Amino acid sequence: MSYRLQRLPVAKPSVAFAARIASVVLALLTAGLVLKLVGMEPLALAGRVLKSTFGSSFGLEDLALLFTPLLYCGLAVAVALRIGAWNIGAEGQFNLGAFAATGIALFVPGPDWALLPAMAVAGALAGAAWILMPTLARAYAGVSELITTLLLNFVALLLVYWVSTGPWLDPSGHALATTARLPVAVPEFWGIVHWGLPVALILAVGLAAVFAFTRWGYEVRIGGSNPGAARYAGMPVRRHLIAVMLLSGAIAGLGGMMEVAGTVGRLQGGISNNYGYLGIMVAVLARAAPLGTIATAFLMATILNGGIILQTQGLTTHTVLALTGLILLYAAIGDEAAKYRIVKLAKGA
Amino acid sequence: MDILAGLIQTAFLAGGVLALAALGEVLAERVGVVNLGVEGLMALGAMTAITTVVASPHPWLGFGAALLVGLGVGMVYAFATVVIRANQVLSGLALTYIGTGMAATLGKPVSGSPSPATFRPLDLGFLSDLPFVGRAFFSHNILVYIIFLVLPVVLHWLMFHTRHGLNMRAVGENPAAADAAGIPVMKFRFWYTALGAALAAGAGAYLTLAFVPSWSEGVVSGRGWIAVALVIFAGFRPVNAVLAALLFGFVTALGFVGQARNWPVAASILSMLPYLGTIALMIVPVLAWQRMRRLMAAPEGLTEPYFRDVR
Chain A
868 MSYRLQRLPV AKPSVAFAAR IASVVLALLT AGLVLKLVGM EPLALAGRVL
918 KSTFGSSFGL EDLALLFTPL LYCGLAVAVA LRIGAWNIGA EGQFNLGAFA
968 ATGIALFVPG PDWALLPAMA VAGALAGAAW ILMPTLARAY AGVSELITTL
1018 LLNFVALLLV YWVSTGPWLD PSGHALATTA RLPVAVPEFW GIVHWGLPVA
1068 LILAVGLAAV FAFTRWGYEV RIGGSNPGAA RYAGMPVRRH LIAVMLLSGA
1118 IAGLGGMMEV AGTVGRLQGG ISNNYGYLGI MVAVLARAAP LGTIATAFLM
1168 ATILNGGIIL QTQGLTTHTV LALTGLILLY AAIGDEAAKY RIVKLAKGA
Chain B
37 MDILAGLIQT AFLAGGVLAL AALGEVLAER VGVVNLGVEG LMALGAMTAI
87 TTVVASPHPW LGFGAALLVG LGVGMVYAFA TVVIRANQVL SGLALTYIGT
137 GMAATLGKPV SGSPSPATFR PLDLGFLSDL PFVGRAFFSH NILVYIIFLV
187 LPVVLHWLMF HTRHGLNMRA VGENPAAADA AGIPVMKFRF WYTALGAALA
237 AGAGAYLTLA FVPSWSEGVV SGRGWIAVAL VIFAGFRPVN AVLAALLFGF
287 VTALGFVGQA RNWPVAASIL SMLPYLGTIA LMIVPVLAWQ RMRRLMAAPE
337 GLTEPYFRDV R
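So the sequence lines, in the order shown, correspond to chains A and B.
Start counting the first sequence at 868; every next residue gets the next number (the numbering used here).
Start counting the second sequence at 37; every next residue gets the next number (the numbering used here).
Because the hints were derived from the structure by calculation, they are not lab data.
Owing to the predicted nature of the structure, the values given are computational and were not obtained by experimental measurement.
Backbone N, C-alpha and C define an ideal beta-carbon position, used for all residues, glycine too.
Some hints here could point you the wrong way.
Said to hold, decoys possible - Straight-line Cα separation of at most 30 Å, BS3-like style, residue types lysine-lysine; simulated pairs:
| id | chain 1 | residue 1 | chain 2 | residue 2 |
| --- | --- | --- | --- | --- |
| 1 | A | K903 | A | K918 |
| 2 | A | K918 | B | K144 |
| 3 | A | K1206 | B | K223 |
| 4 | B | K144 | A | K903 |
| 5 | A | K879 | A | K1211 |
| 6 | A | K1206 | A | K879 |
As the list claims (entries may be wrong) - From the derived model, a few chain A residues whose C-beta atoms are all more than 12 Å from chain B:
| id | residue |
| --- | --- |
| 7 | S869 |
| 8 | P880 |
| 9 | E908 |
| 10 | K918 |
| 11 | A931 |
| 12 | P976 |
| 13 | D979 |
| 14 | V988 |
| 15 | W1062 |
| 16 | A1079 |
| 17 | G1091 |
| 18 | L1113 |
| 19 | F1165 |
Could you put together the complete structure from these sequences and hints?
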């Protein structure tokens, strides 16, 4: 009796799922080992994180406020991945959404019930506008959207930093590097948690339904997994690509609007707080499934919240970034490993 | 004239970072492995270099330490992408996150303070004293000459005028054919990917030892990604990559001069120039030089993992 490895072209879903779980667990174990080596107590720290996150309604509310932007960004990246496009620019589109919403709130007079929808639309449009150039470059010239969307992040961050310290700086003189407090806010429904959260959840369910049950969703999925076959079958792959990428930017932009009008209350540099980059993790871990992003965004929010709680222990939010990188590396390796199975060979074969 | 000489001088200094990182990426991509972890490798290299010179103030020691760390991390990346054949985009992004995060965490003690040892401009005798030319071309540190003169010439010769270089390109273009011809595909991919990573970390060391020269969390700020984009623009050729980096150094220098001379444009807006310029350079050539497309094309086997049994 002998054994050999056999590689399947596509991993079995159950094995792929197990590999995802294993990659997260392994990364946490690795991080714990590193903490142990530098003389910290990983189990005690983990206990503290879990207790202060899930032990009180304050902790849960904080978690919900981190979960919301992660879900928007995760959905944005996931949608683009469905047609095989890498939107690494959710960070920038998120900033632009916050920027546009702030512009409406500060400079357009009107009643709340009209302003908030206008801000949401402006945020989504700004996010879509921010990804327009990379989208057209990819669709018509084959330029890698991965790099162009990413480079625009830096431009967006500089833009928001510039307006919030310059032209839009709080005229009252109380704030050094932010705009004035927005006159309208997304209403809250549970403690400090605002309606941005349920809207994101509805969006996730809606997108899942679109991909599962509509012809458009089907064509997008085929266009992503096998563009050649999709074109041959007469599907307008390029048109779908453009629509999906713009939708992706719009979702991230809407997330930015919710963040500035719901959570933060004013526009400031760094408002995106790496959510766009962490959103890539959320989408990849969920294998680009909209409903899956709910679970992975929750996981990432917990990890991010843990990082914030542990700041008093000399860790920084960047430590969290390193940890998520580790999860991603293990996940990439796990993806490949999940394609193998062990086959038993009969004697003499 | 003085402004122009200063601009050229700064262009070389600022372009050196991008040039070294881009040369490393050319090596990896020519054997078929795209490394999107350049940004993280640069952060790690920059942090390693300054931590080393704080302990012992010799610039070469700091630079060497960064190269070694880059080689080590590059071997991990090559193990994941070449040996295990994991997805290169995911692994590269992971490397960017890990490198950026680790460098920011470990670099905290040395954050903000200037580097105690730097690569100083060489005195080239009467050449350095020449008007205009002296300031523009002969007032640089040793790394600038290595990056802009020695490395591109050596790499161009290696890649396009030796048997070894032909094998290397074959591995990137068509690994199955290269394998059939007896070229050790995995060895080529593994070691050139690791070597490219070492150069990326070296570019980070250049930042903290010759260009900025100090460490802060945001010191790399997208330069790694610009380097990756330059490689595409440069058609995966070392000499072009260095020239493109110089062009970008010039754009960066324009921003500096603008800030120094109080041009009526906000500093943040001037800082956008390199990013916007990179995007323009990625889009314009594809539209403008249709005929150059084949000549400048990416290696055929780029990002494709190689499996001997499924060819």
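Quick rundown of the hints versus the structure:
Taken as a hint, the K903(A) and K918(A) pair is honoured in the structure, with Cα atoms around 20 Å apart against an allowance of 30 Å. Proposed proximity of K918(A) and K144(B) is supported: the alpha carbons are some 28 Å apart, at most 30 Å. For a cut-off of 30 Å, the pair hint linking K1206(A) to K223(B) stands: about 24 Å separates their Cα positions. Of the pairs offered as hints, the one joining K144(B) and K903(A) holds, with about 20 Å between alpha carbons and a cut-off of 30 Å not exceeded.
For the hint pairing K879(A) with K1211(A), the CA-to-CA distance comes to about 18 Å; that is within 30 Å, so the pair holds. Straight-line distance between C-alpha atoms of K1206(A) and K879(A) comes to about 7 Å, which keeps the hinted pair within the 30 Å bound. In this structure S869(A) is separated from chain B by more than 12 Å, as the shortest Cβ-Cβ distance comes to about 17 Å. Distance check for P880(A) against chain B: the nearest CB is about 17 Å away, which clears 12 Å, and the non-interface claim stands.
No beta-carbon of chain B is positioned within 12 Å of the beta-carbon of E908(A); the least distance is around 18 Å. Non-interface status of K918(A) relative to chain B is upheld: no Cβ of that chain comes within 12 Å, the nearest being about 24 Å off. Its beta-carbon lying about 24 Å from the closest one in chain B, A931(A) satisfies the requirement of being farther than 12 Å from that chain. The non-interface label for P976(A) is consistent with chain B: the shortest C-beta to C-beta separation is roughly 28 Å, beyond 12 Å.
D979(A), annotated as away from the interface, keeps every beta carbon of chain B farther than 12 Å; the closest lies near 32 Å. Annotated as non-interface, V988(A) keeps its C-beta farther than 12 Å from every C-beta of chain B; the closest such distance is 26 Å. The claim that W1062(A) lies off the interface holds: its Cβ sits roughly 31 Å from the closest Cβ of chain B, which is beyond the 12 Å cut-off. Annotated as non-interface, A1079(A) keeps its C-beta farther than 12 Å from every C-beta of chain B; the closest such distance is 25 Å.
With a least beta-carbon separation of about 14 Å from chain B, G1091(A) lies farther than 12 Å from that chain, consistent with its non-interface assignment. With 12 Å as the threshold on Cβ separation, the claim that L1113(A) sits away from chain B holds: the shortest Cβ distance comes to roughly 18 Å. The beta carbon of F1165(A) is kept farther than 12 Å from every beta carbon of chain B, the shortest such distance being approximately 19 Å.
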